[in-house]
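The chain contents come next:
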Amino acid sequence: MGAVLPRASRASRSIDLPYAAKFAASRVDFPGGDLPWLTSGRDVAMARFSELGLPSQKVEDWKYSNLSPLAKSDFTGPDRKAADAARDEVAQRFPKESAAGRLVFINGMLDGSLSVLGNLPTGVRVIGLADAMTGESDLLKAEMDAMPVLSGHALAALNAAFMADGCLIILEPEAELALELLFVAAPDVGAVAYHPHISIAAGAGSRLALGEQHASLGDIEYWSNPVTAMRLGEAAQMRHYKLQEESGRAWQTALTKARLAAGATYENFIVTTGGRYARNEIEVVLEGAGAFCELGGSFLLADEQQVDNRLQVDHIAADCTSRQTYKGVLDERSHGVFQGKTIVRRDAQKSDGNQLSRALLLSPNAIMDAKPELEIYADDVKCSHGATVGELDVEQMFYLRARGIDEASARNLLIAAFMEEHLQSITDNAARDWLRGAVSGWLAQRLSGGDG
Amino acid sequence: MLEINGLTVSVAGKEILKDLNLSVAADEVHAIMGPNGSGKSTLSYVLAGREGYDITAGSVLYRGQDLLALKPEIRAREGLFLAFQYPVEIPGVGSATFLKTAVNAIRKHRGEKEFDAMEFLKIMREKRDGLGISEEMMRRALNVGFSGGEKKRNEVLQMALLEPYLAVLDETDSGLDIDALRVAADGINSLRSPERAMIVITHYQRLLEYVVPDYVHVMADGQVVRSGGKELALELEENGYSGVGDKAEAAA
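One line per chain: the protein sequences are A and B, in this order. According to this note's numbering, the first sequence is numbered sequentially starting from 1. According to this note's numbering, the second sequence is numbered sequentially starting from 1001.
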């Protein structure tokens, strides 16, 4: 007891990732290599990443996540030929079903022939990031400058160094757009890593519905490290839904940053069923009075899957409302994390913020870590937080069984109900049905059937 | 229908039911009355199969079977129904969905064809109309946001749909105003039949004015201390429960 550990055995704040050499080797081949501002931006980002390294569990925000296996896999950049070879299967497995526009990315690269951007409404621009690097570099630079995302975030820096594709979405004031983004990982020579960048600017009074789906062809290993940066103008409304059903060997570290002007509304709901490891990190800044943001999530995990949901809402202006509600069902040896933070600045009077984390553990080996945090500097605010981790309610179980419903069916009914109650908070009907389908599919597949 | 012999039950080491005896035949309505803490609700939960009760002695024979050996869902499928004193709220489970699942589980067990959605809705409409339960209420989550009276009427609706052989009604009258009580009582009375028995547990005589029992039993301290006809309920109404334990004459 009390022994001082030798210095060498102390965990470091970062994990070495041999990316500097890879970066140096492929630096000239990145799209936009002829744009000095972009190339120097990549150099700065790479230097930043080299300095920060891959975060270890010593870094508070990452304390529940062990990323060291990431450093052990030798990820390479995706190959265009492998992506092209997967095109037919992607088209077949993920048919386009709605009237909305759609961008399809295979291994992080935009597939022009599967994407549908015809008939975009007026006042809307949607451009692939690689295309913007060649044809719309001034616009791209203006967008990237307007929303810097680096600020000490190691994986955002890695994204900024390596980003090869993604998209720019620009809505003029009062414009309206519904868009789907499909990210599919396809087999390549080895495990690939890709770093999509999505930049969104929604003008005053505009309305954007964005549905993201992340999936894979087969049980392959890869690392997807997307960064999404968005600015919502006054009274703009954005509904942002994401379904993450990636391969059981996939890593996804997603960072989403949003800035909301006065009266803007941002609704985000993420359903996570896939991935070996998924990080859903969302940072929202409520900059204008009366802005509203609702962050919801459902995660359903089994095996040794881990999801680390980290949310931060920063109330800068007065009269803003934010809600963070995440619910998880954890089976086998899976691990769920909720790190929610609400900051209320001194001038953000009349802020209304709440956080709720609820998890159902279906196995004694499953783990849930919840860390809801409030940081309040204003005095006239209404904030609350709560976290529950538990098993199914015994009174509810008995009530159902006393009506003839067998134990397994009663259990399934209550688990589905736990999720259903949460899915009802999704405003958009079509999106709710879509996400509900993924949740029911998981439940049907994982839960042992009852006898009636 | 039901033979309870020497039933002795404890909860966390404390004896709640002590050598309790009760015999109920088809076509009979038995009222069980008694002061708070006499063990009435424990009896109903033990019959329905709730966990957490240690049965240390005695037996319960239900329609020729050892009831205590059956899981709660099998008891329900075999026709035993408990109307809960405090119906449980289950957010996320629609009332109609729940009822259809329950009805079909029981029909399947009885070798009857399961109802499809249309058939079920038709039957549910017939049953709920008499109980003043709206279609809107059935669209809500089970018991969530229901008033006390709505919860109790929903229990009676479930009983009507599940068509049990033995219904145990645990303080179905509590929390009901007089109009709601009449509606619930009419629902209960309409289910009286030669094949069916009922055990009506109540603290007050009020419900028994509408659901007239064939027998009245008084429980005190975990035992049936007096049994008699419907006039016993009136006597209790006048004199209260004080001293019933002393006057014990026939512990069934």
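Think of the hints as simulated: they come from the structure by calculation, not from any bench. Positions of the beta carbon are idealized from the N, C-alpha and C atoms, including for glycine. Hints may be right or wrong, so weigh each one.
To give an idea of the chain A side of the interface with chain B (calculated C-beta under 10 angstroms), a few residues [what the hints assert, rightly or not]:
1. Pro-18
2. Tyr-19
3. Phe-23
4. Arg-403
5. Ser-409
6. Glu-421
Derived list of chain B stretches under chain A, where covered just means 3 residues or more per stretch with a C-beta under 8 angstroms from a C-beta of chain A [stated by the list, open to error]:
7. 1068-1075
8. 1091-1098
Going down the list of hints, with the structure as the test:
Hint status for A:Pro-18 relative to chain B: violated, with the closest Cβ pair at about 48 angstroms, above 10 angstroms. The interface hint given for A:Tyr-19 is broken, as the beta carbon of that residue sits about 45 angstroms from the closest beta carbon of chain B, more than 10 angstroms. Annotation: interface hint on A:Phe-23 violated; nearest CB of chain B at approximately 48 angstroms, more than 10 angstroms. The interface hint given for A:Arg-403 holds, since its Cβ lies 4 angstroms from the closest Cβ of chain B, which is under the 10 angstroms cut-off.
With its C-beta approaching chain B no nearer than about 7 angstroms, A:Ser-409 sits inside the 10 angstroms limit, and its interface hint holds. A distance limit of 10 angstroms between C-beta atoms decides the matter here; for A:Glu-421 the minimum to chain B is near 4 angstroms, and the interface restraint holds. Counting residues of the stretch 1068-1075 of chain B whose CB lies closer than 8 angstroms to any CB of chain A gives 4, which reaches the minimum of 3, so the coverage claim holds. Counting residues of the stretch 1091-1098 of chain B whose beta carbon lies closer than 8 angstroms to any beta carbon of chain A gives 4, which meets the minimum of three for the stated coverage.
Going down the numbered hints, you'll see the structure goes against 1, 2, 3, while the others check out.
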